[in-house]
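Here's the letter readout for the chains.
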Amino acid sequence: MIELAGVSKVFDGKRKVVALENLDLVIGRGEMVAIVGPSGSGKSTLLNLIGGLDRPSQGEIRIDGSALGGLSDDELTRLRRDKIGFVFQFFNLLPTLSCLENVALPLHLRGWPRKKIDERARALLDLVQLGNRLDHTPEELSGGERQRVAIARALSIYPPILLADEPTGNLDTRTGAEILKLVHDVHDRLGATVLIVTHDATVAHSCPRTLTLCDGHIAGDERR
Amino acid sequence: MILLRLLSWPYLRKHVLRWSLTVAGIVMGVGLLVAMHSANQAVLASFGTTVGRIAGAAELQISAGDFGFDEEVLERVQAAPEVRVAVPVVEAVADTGIKGQGNLLILGVDMTGDRSLRDYDLESGDQAIIDDPLVFLAQPDSLMVAKEFAERNHLEIDSRIPLQTAHGTKYFTIRGIMRSGGLGKAFGGNLAVMDVYAAQKVFGRGRRFDRIDVGVKEGVPVEQCRAALARALGPGFDIAPPSASREHFEAMLSAYSMSMNVSSMFALIIGMFIIYNSFAIAVTQRRPEIGILRALGATRAQVRMLFLGEAAVAGTIGSLLGIGAGALMARGIAMYVGGFTSQIYGVKQALDEVAIDPRIIVAGLLLGIATSLLAAWIPARSAARVDPVQALQKGKYQVLSAGEGSLRRRAAALAAILSAVCLWLGRSNLVFYAGYALAVLTALLLAPMVALWVTRMIRPALRWLRPVEGALAADSLIQSPRRTSATVSALMLSIAMVVGFGGVSASIYLSVTEWIEKTLNPDLYVEASEWLASYSWTLPGTAGADIERVEGVEQAQMVRSARTLYHGVPVMVVAIEVAKLAQKVHSRPIAGDSREMYKLTAAGQGAMISDSFAGLRGVGLGDTLELGTPSGMLRLPVVGIRRDFSDQQGTVLIDRSVYQRWWKDDRTNIIRVYLKPGADPAVVKARILERFAGQRVFVLFNKEVRQYILRVTDQWFAMTYTQAGIAILIAVLGIVNTLTVSITDRRRELGVLQAVGGLRRQIRHTVWIEAVTIGLVGVVLGLAFGALNLYYTLEMTRRTFAGIALDYTYPGPLAGLLALLVLGAALVASLGPAEQAVRGSLVEALEYE
Chain A
1 MIELAGVSKV
11 FDGKRKVVAL
21 ENLDLVIGRG
31 EMVAIVGPSG
41 SGKSTLLNLI
51 GGLDRPSQGE
61 IRIDGSALGG
71 LSDDELTRLR
81 RDKIGFVFQF
91 FNLLPTLSCL
101 ENVALPLHLR
111 GWPRKKIDER
121 ARALLDLVQL
131 GNRLDHTPEE
141 LSGGERQRVA
151 IARALSIYPP
161 ILLADEPTGN
171 LDTRTGAEIL
181 KLVHDVHDRL
191 GATVLIVTHD
201 ATVAHSCPRT
211 LTLCDGHIAG
221 DERR
Chain B
1001 MILLRLLSWP
1011 YLRKHVLRWS
1021 LTVAGIVMGV
1031 GLLVAMHSAN
1041 QAVLASFGTT
1051 VGRIAGAAEL
1061 QISAGDFGFD
1071 EEVLERVQAA
1081 PEVRVAVPVV
1091 EAVADTGIKG
1101 QGNLLILGVD
1111 MTGDRSLRDY
1121 DLESGDQAII
1131 DDPLVFLAQP
1141 DSLMVAKEFA
1151 ERNHLEIDSR
1161 IPLQTAHGTK
1171 YFTIRGIMRS
1181 GGLGKAFGGN
1191 LAVMDVYAAQ
1201 KVFGRGRRFD
1211 RIDVGVKEGV
1221 PVEQCRAALA
1231 RALGPGFDIA
1241 PPSASREHFE
1251 AMLSAYSMSM
1261 NVSSMFALII
1271 GMFIIYNSFA
1281 IAVTQRRPEI
1291 GILRALGATR
1301 AQVRMLFLGE
1311 AAVAGTIGSL
1321 LGIGAGALMA
1331 RGIAMYVGGF
1341 TSQIYGVKQA
1351 LDEVAIDPRI
1361 IVAGLLLGIA
1371 TSLLAAWIPA
1381 RSAARVDPVQ
1391 ALQKGKYQVL
1401 SAGEGSLRRR
1411 AAALAAILSA
1421 VCLWLGRSNL
1431 VFYAGYALAV
1441 LTALLLAPMV
1451 ALWVTRMIRP
1461 ALRWLRPVEG
1471 ALAADSLIQS
1481 PRRTSATVSA
1491 LMLSIAMVVG
1501 FGGVSASIYL
1511 SVTEWIEKTL
1521 NPDLYVEASE
1531 WLASYSWTLP
1541 GTAGADIERV
1551 EGVEQAQMVR
1561 SARTLYHGVP
1571 VMVVAIEVAK
1581 LAQKVHSRPI
1591 AGDSREMYKL
1601 TAAGQGAMIS
1611 DSFAGLRGVG
1621 LGDTLELGTP
1631 SGMLRLPVVG
1641 IRRDFSDQQG
1651 TVLIDRSVYQ
1661 RWWKDDRTNI
1671 IRVYLKPGAD
1681 PAVVKARILE
1691 RFAGQRVFVL
1701 FNKEVRQYIL
1711 RVTDQWFAMT
1721 YTQAGIAILI
1731 AVLGIVNTLT
1741 VSITDRRREL
1751 GVLQAVGGLR
1761 RQIRHTVWIE
1771 AVTIGLVGVV
1781 LGLAFGALNL
1791 YYTLEMTRRT
1801 FAGIALDYTY
1811 PGPLAGLLAL
1821 LVLGAALVAS
1831 LGPAEQAVRG
1841 SLVEALEYE
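Quick note, the sequences are listed as chains A and B, same order. For what it's worth, my numbering labels the leading residue of the first sequence as 1, then goes sequentially. For what it's worth, my numbering labels the leading residue of the second sequence as 1001, then goes sequentially.
Any given hint could be a false lead.
Claimed, not checked - Label pairs and their calculated CB-CB ranges:
id	chain 1	residue 1	chain 2	residue 2	range
1	A	Gly30	B	Val1016	31 to 39 Å
2	B	Arg1013	A	Asp215	46 to 54 Å
3	B	Leu1296	A	Ser72	42 to 50 Å
4	A	Ser72	B	Ala1301	32 to 40 Å
5	B	Gly1332	A	Glu140	53 to 61 Å
Unchecked claim - Some, not all, of what chain B presents toward chain A, calculated at C-beta under 8 Å:
id	residue
6	Pro1467
7	Val1468
8	Ala1471
9	Asp1745
10	Arg1748
11	Val1752
12	Gln1754
13	Ala1755
14	Val1756
15	Gly1757
16	Leu1759
17	Leu1842
18	Val1843
19	Leu1846
If you're looking for bench data, these hints aren't it; they were derived computationally from the structure. Idealized CB from N, CA, C, for every residue including glycine.
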């Protein structure tokens, strides 16, 4: 499902920073993988490269057999739109839109009919137990509720890949546990490939596979 | 200063585009101001120099408007003991027929006395012919031309050139070429000298002169000589130093100057909004920085000074660039204004040079800096009031607080009430203008709230149109009214200004069209000049009867129209056969009884005046009008007020018999010809030209005259188009500024949109829709406030220079065009920021705070 071959990422600023170096990795369809490691080890960079938000300095990434390197920006966007759902640490919901509108956003961008969009968005908000908060804006929700909306948005297209960057990092322990349960639930129900970047050992232990990164290299790949 | 270097400089470097736009606001205002004043000064200076060159050493000039006066006046002037020398002059504009050379101003002078007033400084030719004027006089086809004109046309002594005279095209022999400089340089060399008596003959003046140039006897004060001549000649003469012409010219330019002044002031005010907008945004974005500064011990005054220092720097740079831009624009404007001299002399003024007065440079610099400081004052004060604790917390600062909204509403209500009171009491100009200023203030106070309300109204439509892009664009505006309100206000003001001036132009156009329809109804016009505004070319008093004898002509109305001074201001006197006019023209008078006023005027017992004359000179129905004539003071009661656009300064209509009696002149310059039913105008025109063969006669069809007048009226629109251009420039500047900030503010939001599958074109659409929505809100507010501004502009026009109560006509087509242009400009303005929005790192955008 996800293949990385000799992938490096170097940031050219005032001084050169090597975020990832010569990485080879294969993640199979339906796997649930936690990516752990200290700050600056390259976890988020790896997620961004797999998600097509950034491009590698070297090497090749393949999603479902398609190489990302040759894709234009718009083709990369289409790939994200059709195959990848994102969950961010700071939710990244659009503050002016209601819960329903936020979840419907990727579907509108795909040009779906309004009725179908409405049905799908409502169903997903029911799934994350926010069916009673359809017209609320993000600022009217708690942190956990916001992350639920973000997950519902990420699932709106039923993506084969779900990428979550510190999904519980901005939540208290109890809410974090609820969100983790929700992610597992989604994984079980939809059979999606899930990658979670986390600092939280509980989250990492809950996943069948854990990748440990250190200084841009894979320091460990543990399967349970 | 250290804070400026440490904090402002990095911020400025990071936001170069925004700072450039901020400075552009000042460049525009100062540039227009400098250009307009420099151009006016250059034209006036050139005009003054030309008048001086033509006048030579003459200390006084005697004239009787455009009518001229009898030769015997010269003897009375020469007899005055205070006069050293008095020289008669005939001035005529003649077409040379040489392609691209335009008209020549022919100065007919008396060579026997003139050389003591004017130095001809001959370049070549037989000096003897001027040393002995009799030789020059003995050859009536003699002409002296300027060196520049001779060189341009490869002319030498004894070359012959054609000139259009009263008797058709005649050839003249060049017997002298004046050196470049002095008289020879007036009108860029388009000036020729001939003998005054020859000029009288060839230009159909009969035994009349246009002017007498006077040299005062040594030891006699000029004023004393002027008073003595005024006593000797009576009230019909204007006796003034040559420099007075410059004042008359300045008066002619007043309408144009006022319009330009208003435009540059508007540009500066709008520039002020752009600066205010930039600083308000900068303060909002730099709150954390201000918080840190305050936490580290910076005083409120230091923070305030930091922002005012930035404003002063922006103002100085903008002003200096504006002065440079103004200097570049000045020549173009001066060429345009220079065209006004042709309205006086018929010859276009050549510009010597356009120098920028150091005082204008200083004024522009001070005004630019002051405007910038004033605009930044409120944001700087807000910055100084920032609470360090709150500033270090994240949150929204763009939202208008409920308290601020309520304060604005109350202030707006107060300003509106005061404005209405001023309008009600507005007899005095000061109160009226105060009311106008308060109306503008009301609009500015209400603009952010109304803009918000309008955006909320159109959000559903935008959302329906484009569910994601439309809703996000509208939400962006709704969430940050502070970011857009200054741009919307600037747009509102500029659109309202264009609607105001455009409405006046449209009203004038409509009124002129109506006047043309009702008054200018003859089938043909017979004139001595093809140039309709020329009053010096005339036809003999027998011409009317001659035309009436032409087959197909039903009636010929002889008109003598020319400008004369009324209380020191040149106004138009139209002498016409009123009894005949009454049979053919049936326009509704503005004041007076139609039948009675024509009857009394025809009988020489009254005069009719135009509403512009009534308004500008403060003369009403029943008042006694005093007109100076060569035979003394003519006093006539005003028996009617009618609409007449013959002259901007107003028109007095009298019967031809009164003119003949008081001006001792039976010439005519226009003959209005009505044809018998069924007569073909083209055939009758040919017959008239045949009858006057060999004479300078032009026959114009009614349609040609109408077209000429409408063309002149269209000049009003030229100014409106300039202002529309400024409005569009403002739209572009303001919207680019706002969008640049909006995109920075929404970087994360736009990043999210891309991360969840938004294509580049969808992001572009969001930015485009936001820009067009800002434009649309500005247009809605501008067109609405324009309706009120039009009322004030019409009133201002009436009070200041037209004197006419123009009908209120909202310029619908102009408003439509303006809306389209502004929306188009908004879209164009968004192209750059939209590209900026889709470029750059998505990862950085998602992490952006």
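**Study point:** Closest C-beta approach of B/Val1843 to chain A relative to 8 Å, hint status
**Key:** With Cβ-Cβ at 5 Å, under 8 Å, it holds.
Point to revise | Residue hint B/Val1468, partner chain A, criterion CB-CB below 8 Å | key: 4 Å, holds
Point to revise | When the least beta-carbon distance from B/Gln1754 to chain A is tested against 8 Å, hint result | key: 6 Å, holds
Exercise for review: Could you check if B/Asp1745 really has its C-beta closer than 8 Å to a C-beta on chain A?
Suggested key: 12 Å, violated
**Study point:** Agreement of hint B/Leu1842 with chain A interface, Cβ distance less than 8 Å
**Key:** OK, holds: B/Leu1842 within 8 Å of chain A, min 5 Å.
Review point. Quick one, is the B/Arg1748 hint okay against chain A at 8 Å, beta carbons?
Key: 7 Å, holds
Check your understanding: Taking 53 to 61 Å as the hint, is the beta-carbon distance of B/Gly1332 and A/Glu140 inside that range?
Key -> 59 Å, holds
Practice item. Could you check the hint for me, namely that A/Gly30 and B/Val1016 are 31 to 39 Å apart, CB to CB? Key: 50 Å, violated
Exercise for review: Report holds or violated for the interface hint on B/Ala1471, using the least CB-CB distance to chain A and a cut-off of 8 Å.
Suggested key: Holds. Min distance 7 Å.
Check your understanding: Would the stated hint for B/Val1756 survive a check requiring a Cβ distance to chain A of less than 8 Å?
Key -> OK, holds: B/Val1756 within 8 Å of chain A, min 5 Å.
Check your understanding: Are A/Ser72 and B/Ala1301 spaced within 32 to 40 Å by their CB atoms?
Key -> Between A/Ser72 and B/Ala1301, where Cβ atoms are some 54 Å apart, the hint is violated.
Check your understanding: Honestly, do B/Leu1296 and A/Ser72 meet the 42 to 50 Å range at C-beta?
Key -> 48 Å, holds
Of the numbered hints listed earlier, those contradicted by the structure are 1, 2, 4, 9.
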